[in-house]
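Visitor: Sequence:
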Amino acid sequence: MWVSGATGVRDHNVILTRRGPVVIDWCHAGAGDPAADVAMTMVTVSSADVPGLAARLGRELLLRGIRSGCRTDPAGRIQEAVRAKLDDPNLTPTETAWLRRHAGVGKGPGVGWTDRSSC
55 MWVSGATGVR
65 DHNVILTRRG
75 PVVIDWCHAG
85 AGDPAADVAM
95 TMVTVSSADV
105 PGLAARLGRE
115 LLLRGIRSGC
125 RTDPAGRIQE
135 AVRAKLDDPN
145 LTPTETAWLR
155 RHAGVGKGPG
165 VGWTDRSSC
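Every number in our numbering is 54 more than the matching position in the sequence shown, counting from 1.
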């Protein structure tokens, strides 16, 4: 079971600014491990089955913004987030396949985490 203090990133709490996407409304983020929250966000955004080049570029911008603005290292919680995400009954087959390919990856949310070219 995934335990986290934040409710997660959803389309209604991300705004686009001139400097890029900004996550807002994380009023309970301090209640849990920030690394777990960031890891789940990275896994959720990375594994999302989104159509179109614009959406994929938007995902990369969002992930880059999260990585550059993050004050915690989510690498140690990535595998846990992948396993928790695999329990989501709403995953598409493409998302499930992506997560299974990355389930044993010991690398953090760096190289390869947004590469969906094989999906």
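Hints may contain errors.
Label-pair restraints from in silico Cβ distances [stated by the list, open to error]:
1) Pro147 <-> Thr71: 28 to 38 angstroms
2) Arg72 <-> Pro147: 30 to 40 angstroms
3) Ala108 <-> Asp87: 27 to 37 angstroms
4) Thr71 <-> Ala151: 15 to 25 angstroms
5) Arg155 <-> Ile78: 29 to 39 angstroms
6) Asp103 <-> Arg137: 10 to 20 angstroms
7) Leu107 <-> Glu134: 13 to 23 angstroms
8) Pro147 <-> Arg125: 19 to 29 angstroms
9) Pro147 <-> Arg73: 12 to 22 angstroms
10) Ala109 <-> Arg72: 14 to 24 angstroms
11) Arg154 <-> Arg73: 15 to 25 angstroms
Hint data in this document are derived by calculation from the structure and do not stem from the laboratory. C-beta: ideal position from N, C-alpha, C; glycine also.
Visitor: Confirm or reject each hint.
Guide: Evaluated hints:
Evaluation of the 28 to 38 angstroms hint for Pro147 and Thr71 yields a pass: the beta carbon distance comes to about 34 angstroms. Taken as a hint, the range 30 to 40 angstroms holds for the pair Arg72 and Pro147, whose Cβ atoms sit roughly 37 angstroms apart. Between Ala108 and Asp87 the Cβ separation comes to about 33 angstroms, which falls inside the hinted range of 27 to 37 angstroms. Between Thr71 and Ala151 the beta carbons are some 33 angstroms apart, a value that contradicts the proposed interval 15 to 25 angstroms.
Remark: the range hint 29 to 39 angstroms for Arg155 to Ile78 is upheld by a beta-carbon distance near 32 angstroms. Between Asp103 and Arg137 the Cβ separation comes to about 19 angstroms, which falls inside the hinted range of 10 to 20 angstroms. Under the hint 13 to 23 angstroms, the C-beta atoms of Leu107 and Glu134, about 31 angstroms apart, miss the expected range. Distance hint for Pro147 and Arg125: a CB-CB separation of about 35 angstroms, inconsistent with the stated range 19 to 29 angstroms.
Distance hint for Pro147 and Arg73: a CB-CB separation of about 36 angstroms, inconsistent with the stated range 12 to 22 angstroms. Checked against the given bound of 14 to 24 angstroms, the beta carbons of Ala109 and Arg72, roughly 20 angstroms apart, stay inside it. Checking the proposed 15 to 25 angstroms range against Arg154 and Arg73 shows it is violated: the Cβ atoms sit about 35 angstroms from each other.
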